Amino acid sequence: MTETKQAQDFFADMLSSWTDTQKKLLETWTSAAQNSTANFGKQQNAAKSWQNLASQGFGDWLGNAEPTAQATSQRLLESQAMLTNLINFFMKGWSEVMQQGMAGGDWQKAMQNYVENFRQQLTAQQTQWAGLSQTTGELWTSYLQQVPQFVEPWQKVWQSSLGLAKEAPQDSTLLGDLANLNWQAFQKTFGQYLQTPALGMNREYDEKLRQGFHKWMAHEEAKYEYQLVIGDAWLHIMEVLQAKFTSLAEEGKTITTLNELISIWNETADPAFLDVFRSDKYIKAQGKMVNTMMAYRLQKREFVEALCEQYDLPTRTEVDEAHRRNYQQGRAIKALQKDLAETRALVAELHAALGQAPKAPSTRKKTTTKSNTEK
Amino acid sequence: MFPVQISPEQLSKELADYNKQMLELNETLGKIREADIQYGASEKEAIYSEDKLTLYHFTPLVEKPFEIPLLISYALVNRPYMADLQENRSLVRNLLKLGLDIYLIDWGYPGREDRWVTLDDYINGYIDTCVDIIRERHNLEQINLLGICQGGAFSLCYVALHPEKIKNLITMVTPVDFDVNDGLLNAWVGCTIGSKSLDVDLMADALGNISGDFMNFGYLMLKPFQLNFQKYLGLLSIADDQAKVTDFMRMEKWIFDSPDQAGAAWREFVKDFYQGNKLIKGEVVLGGKQVNLKNITMPVLNIYAEEDHLVPPRSSMALKDYVGSKDYTVSNFPAGHIGMYVSGKVQKTLPPLIANWLQERP
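First to last, the protein sequences are chains A and B. For the first sequence, our numbering begins at 565 and goes up steadily by one. For the second sequence, our numbering begins at 281 and goes up steadily by one.
Please keep in mind that the hints were generated in silico from the structure rather than gathered at the bench. You may find that some hints are simply not true.
[To be verified] Derived coverage of chain A by chain B (criterion: at least 3 residues anywhere in the stretch with Cβ under 8 Å from a Cβ of chain B; other residues may be distant):
{"id": "1", "stretch": "805-816"}
{"id": "2", "stretch": "838-846"}
{"id": "3", "stretch": "859-867"}
{"id": "4", "stretch": "872-878"}
{"id": "5", "stretch": "910-917"}
All figures in this text were calculated on a predicted structure; none of them were measured in a lab. Think of the CB as a built atom: it goes at the ideal place given N, C-alpha and C, for glycine as much as any other residue.
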């Protein structure tokens, strides 16, 4: 048997063991969970089913458990899912690397190719985004799909109150009407149109809608850039792992247990992430994502508040302003109370110095006398 | 040769063991109740409350405690009971056993109505009121103050403005110089590139109060695999030990029981301290008065953690160059930020260090 065939058989045995183990585990969980009231769906992928079953089992057994226990078990399941994904990643993602390794081939070149493929996928995604930003019509549509999520409670009421219900298209609202009106203008003079003030009765809403689009676009772009930087972090992990494996190979050391492999992953992943997280590029990308998110959130609030005002509903801004006045008055009262206490203490000292008992503060309620002019 | 040489049999065995542990853990978790993981090991009494704040006095564990009581000012970002987590992991309890008389400020849980509360309110308002109450209770001109983490930064500001009221000052894992990029948190919050990393005004305007969950997410991302993955897998190795799992769960409860941050105070703290590094520049202004660390002339004990990833050691160590005190002591421990309180090793030496230092300065 050639070394390559030997390697392939070995690898096939590993995958088969993995699958067999999953099946055995599935049987274990099935038998245990059948004693509970778990409801099983169709089993398709063994590892995924194991995961689902674990969640159901945990859910059933911890259904009456305390909140912190439930939360911890949820995080445990999530880390278990991550472990499953990691194992799958090692097994399947590096299949060629491992096969080369088993056969005594150039596994380092295979790993290099793997890392390079990963890098090319990242670059391709960047190009894809650049192409997407050309189709402004599609972007506008995507944005309008977002808008109903935060105006949905109001749009029907608004629509009917403005007498537009019978004129509205089947699945659109006033917002959709505006979008349709603006559609052609956007397609022809997108950038210029956004700079031009709107006209007409719905001017303010239209302007808020378009400003929202600006902010939404900025946030989508920032999210995408952030994902690319995170991709860089993963790439860095691959490179560091590659260096680690090379170093182990040169020292003649081997990893013979899953625990060791996971340990090496843990020793590698966080420091590699942190290398990227410290960079100005990452910090700016993260900052941009958070800042654009906040700007969009503010814009959404403006839009919703404009609708709320139509129906005499209190807005976030108004409630915050009420809280602010309350806070300022509270502060003023506290300052006065403090001054009063200090003054009383001073008066008490003076009385003591003069050998007199301090006068007790008046507890009489002041009464008001009605003026003759109030008749 | 490719270094990964895991046999199919080994892989199967480990996965089977792993699942056995999952089953054991499942059973153990099901036995633990929320009442089992409440923190706060030491008996205490609420002696004052104002708005969301409560001032607690711990019941002394000796017949004649130290004459000068110690007030603990913790950070706003977490509940203060890390200092009194459980019976065998309680800085407070260990200090009580050594004879200290301890008070603690519980900041409570800010609501939306607290969005306008400022640092001046916290420092010149709440802390000052608590100090005055304790002084009055004990008929003393001065008390001792222990500030932890952000609470330490608050304590520094307070003492700089009211030095006449504090006898001795202890700061623990306290950030002083915020312009240290050893700390990832510092960099993320803008110590290097300012508002491009975080537009504080925009965030405070958009969110009002900053949610505890958002803050937690940031902390978890500082060590993404360790804190989101490895920690929970490690739980499996103690799956059949209910006591250890209970301890783990108690810590989990504390970690995720994070109060929201009052928007105005958060805005000031991040902009002035993290982004502007104004504390050491003497540019922090509270209640119209400038905070000058040189006004801190009483004895100072500064304690920091060598492996602190939240408050880099260099940030804490900088205090020496800015206080006016001639009696300045620094001490460090081989622990992380939280390890200072939960490490058994540290808890053997830290409480005696504090107690002895205070006893030498009556």
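**Prompt:** Checking C-beta pairs, does the stretch 805-816 of chain A have three or more residues closer than 8 Å to chain B?
**Reply:** It holds, with 3 qualifying residues against the three required.
**Prompt:** Counting residues of the stretch 872-878 of chain A that have a beta-carbon nearer than 8 Å to any beta-carbon of chain B, does the count reach 3?
**Reply:** Since three or more residues must qualify, the claim that chain B covers the stretch 872-878 of chain A is violated, with 0 doing so at under 8 Å.
**Message:** Count the residues of the stretch 838-846 of chain A whose Cβ falls closer than 8 Å to any Cβ of chain B, and tell me whether that reaches three.
**Reply:** As far as the stretch 838-846 of chain A goes, the hint holds, because 4 residues have Cβ atoms under 8 Å from chain B.
**Prompt:** Quick check: the stretch 910-917 of chain A, covered by chain B? Criterion 3+ residues, Cβ under 8 Å.
**Reply:** Violated: only 0 residues of the stretch 910-917 of chain A have a Cβ under 8 Å from chain B.
**Given coverage of the stretch 859-867 of chain A by chain B, tested with a Cβ cutoff of 8 Å and a minimum of 3 residues** = holds (count 4)
Hints 4 and 5, counting from the list given before, are not met by this structure.
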